[in-house]
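Top to bottom, those sequences are chains A and B.
In case it helps, my numbering puts the first sequence at residues 1 to 173.
In case it helps, my numbering puts the second sequence at residues 1001 to 1285.
Think of the hints as simulated: they come from the structure by calculation, not from any bench.
All C-beta atoms in this analysis are idealised placements derived from N, C-alpha and C, irrespective of residue type, glycine included.
Please note that a few of the clues may not be correct.
Ranges of calculated distance between the beta carbons of each label pair, as one might list FRET restraints [unchecked claim]: (1) D2(A) to R1172(B): 49 to 59 angstroms; (2) D1154(B) to P108(A): 29 to 39 angstroms; (3) A105(A) to R1251(B): 42 to 52 angstroms.
Residues of chain A clear of chain B, computed beta-carbon distances all greater than 12 angstroms [as the list claims (entries may be wrong)]: (4) A50; (5) L52; (6) P108; (7) D122; (8) K126; (9) V132; (10) A134; (11) P135.
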Amino acid sequence: MDAPAFDAFYAESFPRLVGQIYAMCGDLVEAQDCVQEAFVRAWCRRNQLADLHSPEAWIRTVAWRLAVSRWRRTRRSRLPADRSRLPAPPPVPNPDRVALIAALAQIPARQRRVIVLHHICDMAVKDVATEVGAPVGTVKAWLSRGRALLTSLLDESEPQDELNPKQEEIGHA
Amino acid sequence: MHDPDVDRLTEQMRALAEDGSRQAVGLPSEQVRALGVRRNHRQVASRTLFVVIVAVALVGGVATMTGRLPGISVMPAAPPPSTIPTELALDANPPADINADLTEGPGEGLVLRRFAPCDPDAHASLVQLPQDWVLIDSTTMADQVRGIHYQDADLDQVRLVQLYGDVSVAERVMQQVRDAVASCPTMERQGPNGTVERNDFTVVDADVGDDGVLTTSRWFAGDGTQAVPGAELRYIVRVGSVIVMVSELNRGITDPAALAQLAAELQRTAEGLVAELCAFADRPC
């Protein structure tokens, strides 16, 4: 892949990939950093990149692995309290968005990943299976369990808001 | 057949991803390529060094066995520093009286975040930064980072050493640091009992390394004379292609004398690291 092709590929896919990784990891700054790093690595391997069936899938996989390994490190060491190192919160605290991110954080990472690939990236189950390196049946099971869990978690958060609108106001202040 | 629950979930997930896509801010692609090229060069240099070491070991072995050197001489040239020394004493002179709840490092495995110098609460100040901002707190941008992080109830102290591809990149990072801290706006926040607290953010040149700044952030209530406990001091210093950051968020400090003492301690720490990184410096040290 030459420089103009890489630049075009980067310009087109960077925002989309950040959105996808954001949905997988729930942290926009983390998603941005991981996708950025994946593109740096991609340029290091630009000769092989052109031969890949889907360079975007390669970037997404690398970014996902980086996000998982950073997340593990964060969990091990606890997030530092240095204010310059805290993630920037989203500019608008949309209640639905907050509930969805909280629900996503409660389902297993591999289920989150396949849900994003299938429902956001519009990938067929067999393509998802190829990307995550799991059998089709396993991916179907992860999708089904993940969706069921997500739906129930989101449903759990809704009735309380309806019953007590004042609480909602306080909760999202 | 559509399942309404799945449709609703899909819609919400897509909205989340689109939100992330809209807010995504990336480096210019030429900078991404430059970082990739530098990383390749480093890998090639490491492999070359390995080959030279193996060759020297083989020649040495032959000399030992035969009692004389063969008719070739292998004198590897000393390579320019391409990595942060692993023996760098990041943990020398830890913060006084620290009862550390957490010490990360010293090493490379720190979880690093974006540099947001103007924002005392780190709230979305990124958007105010230039698009081509070279992040000094991100492993994505620096070629190599080593650091240590001390934390307890009273303070957070971070010592980071970040190596860039060459002196010109480090100079650009330093200039961006200077530009960013020089343009920090005066911020206000709500204090207890409805009082308004104002942030006092100062920047002075630091006589450490090839180039350096010291930033101090404090809060004052009332007419600006009543110091709110706590201060954040940050030395950011360039030594050739390396940038050293020594920062402390001290939650209890109010007294100006104690603040000066803390600044002196942090400066000594920065000077110690700079002395160990002498091989990278622009001028003899």
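A quick look at each hint next to the structure:
no. : hint                                    : in the structure
1   : D2(A) to R1172(B): 49 to 59 angstroms   : 26 angstroms, violated
2   : D1154(B) to P108(A): 29 to 39 angstroms : 38 angstroms, holds
3   : A105(A) to R1251(B): 42 to 52 angstroms : 29 angstroms, violated
4   : A50                                     : 14 angstroms, holds
5   : L52                                     : 16 angstroms, holds
6   : P108                                    : 16 angstroms, holds
7   : D122                                    : 10 angstroms, violated
8   : K126                                    : 19 angstroms, holds
9   : V132                                    : 17 angstroms, holds
10  : A134                                    : 20 angstroms, holds
11  : P135                                    : 22 angstroms, holds
Hint violations for this structure: numbers 1, 3 and 7, all remaining hints satisfied.
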